[in-house]
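**Q** Given the coordinates of chain R, assemble chain D onto it according to the supplied hints.
So the protein lines, in turn, are chains R and D.
FYI, my numbering numbers position 199 of the first sequence as 199, with every residue one higher than the one before it.
FYI, my numbering numbers position 134 of the second sequence as 1134, with every residue one higher than the one before it.
The hints are simulated quantities; they were obtained by calculation from the structure and are not laboratory data.
Zero decoy hints are in this set.
To give an idea of the interface, some chain R residues facing chain D are shown, with a C-beta separation under 7 Å as derived from the structure:
{"no.": "1", "residue": "Leu9"}
{"no.": "2", "residue": "Tyr12"}
{"no.": "3", "residue": "Leu38"}
{"no.": "4", "residue": "Met82"}
{"no.": "5", "residue": "Ser101"}
{"no.": "6", "residue": "Phe123"}
{"no.": "7", "residue": "Ala237"}
Residues from chain D that face chain R, not an exhaustive set, calculated with beta carbons under 8 Å:
{"no.": "8", "residue": "Pro1023"}
{"no.": "9", "residue": "Asn1136"}
{"no.": "10", "residue": "Gly1137"}
{"no.": "11", "residue": "Val1141"}
{"no.": "12", "residue": "Pro1226"}
{"no.": "13", "residue": "Gly1246"}
Here the structure is a predicted model, which means the values were calculated and not measured.
No residue lacks a Cβ here, since even glycine has one placed at the ideal position from N, Cα and C.
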Amino acid sequence: MKKAWDKILQGYSLALYFFLYTPILIMVVFSFNDSKLLAVWRGFSLRWYEMLIADPTVWRAFYNSIWVASLTTIVSMVLGTMTAFVMIRHSFRGKSILDSSLYFPVVIPEITEALSLLLFYVFTGIPLGALTVAIGHIAFSISYATIVIRARLVGFDRSVEEAAKSLGANELRTFFHVTLPLILPGVIAGGLLAFTVSYDDFIKTAFTAGPGFQTLPLRIYAMASRGGVSPLLNALATITLVVSLGLAVVRLRLSKT
Amino acid sequence: MNSLTQSRVRKSRRFTVALLASPTVIYLAIFFFAPFAIVLMYAFGMIDILRQFQFAVTLDFYLDFFNSVAPYVFGRSLLMALATTAVCLILGYPMSYYIAVKSGRRKETLMLLVIIPFWVSFLLRTYALMTILDVNGIINVTLLGLGLISEPLSLMYNMQAVLLGMVYNYLPFMILPLYASMEKLDKSLLEAAGSLGAGPARSFLHVTLPLTRSGIGAGSILVFVPAVGEFIIPQLLGGTESFMIGNLIWTLFLKARNLWFGSAVSIILIALVVLLVAVYMKYITRGEEMAI
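Chain R on its own, in the form it takes in the complex (with noise of 0.2 Å):
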């Protein structure tokens, strides 16, 4: 009886894999397809991969989202440990209001953020375009990163520092020299988040990119809601599951240390 059930979890997880796995896998197959058409197979070609890589829009796209995303993670990545650390060491008035200042963005509906910010530049008279787009994305990677640096320092060893300062050394060389080694990884991961939030980004760059920026994001959306569907997409899909892949190799690596 219990057997059975057991049995029968698990033949329903199976379902559910197959469910988050077809759509997916369907992308990789047909991005492989020498048709114009959606759904008939007519041979293995990499014709998708050469029009995509021959396409200036989207290069200039990729080209944008990196230099946002490279420029939100620099940024969160300070920011959310210098307020990681004073959340974790310290305790002052106000505490309680930052720390729940911090969770607004990410809680609060993505797109009247997006639309607050899109006033905000009206009302200012601030141009839109890559800076304003950027600037929305460190608001809320600032929380996201602070969140999962703070997480890490939780049960970090000061014995260590005491160490360091009773050997002479002062604030700032015993911060750069053996806090932050050692909580690197933390502010990586933290970093890492940043980037993909940022990098993964829609309605927030939709409505602070003005008309001349276009992010990878944007692109797509161009180009998926244009009616007819495009095999391109399904070649760049492939290729975003590849790199991703490569880069949780990396993450893996670095949480294992």
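**A** Quick look at chain D alone, frame taken from chain R:
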């Protein structure tokens, strides 16, 4: 230590706190809270068409709200988000239970397999569903080829397609916290319930379910909040009958350029989400720490 050095230490500490915290505080104040203050001003008509500030407050845009299609759009979005949350919970609960409790040493690999599809961007995943459901998509081509149908089925541009898209995209948000709460579950409690004569159904209802309440709460919030403001899925997979709040706000801001009414709509959305999350946390998770 005399009082002079003590006060000096205290001062330098306060300086450190200010130095470390102020960049984030200032950043969030300017680029997160100030923008919301501007939304509030627009929603109450305190900024006119020339972007000039005025001291008059009007509730006109909220009255407009009730005289427009917006309440129906809100009702539909709430129903869709609730349906998505319910389906994700019903689908995800047994799977999380299987991975956390029954799969033994493979559980980390199995969880990784839940997360991997999410490394492909949200837009591309939704596009993947389009290639399956489209008039010329996999399902129609296959069924036509097998001669089971003579005309393509219209599987896209309706509510069911949007629900499918939402469940597909949000299921892991439910499974992750459920898994976290189940992993902590003390299995000896289940054995105790069993040895005291409780059947599987009874021990599930009285032991497992209450102990995983925090996971259910966290998962539901993680699914419900983004689902209620969703834009991409109804835009790409839905039709006019599945127009949601996200689409309404998008249209008002980026197409109609009605910043005032759009602001009022988003203030109502934020108020609604905050209220629902607060009530939910009070009654379902009973203030327990969420397992995010």
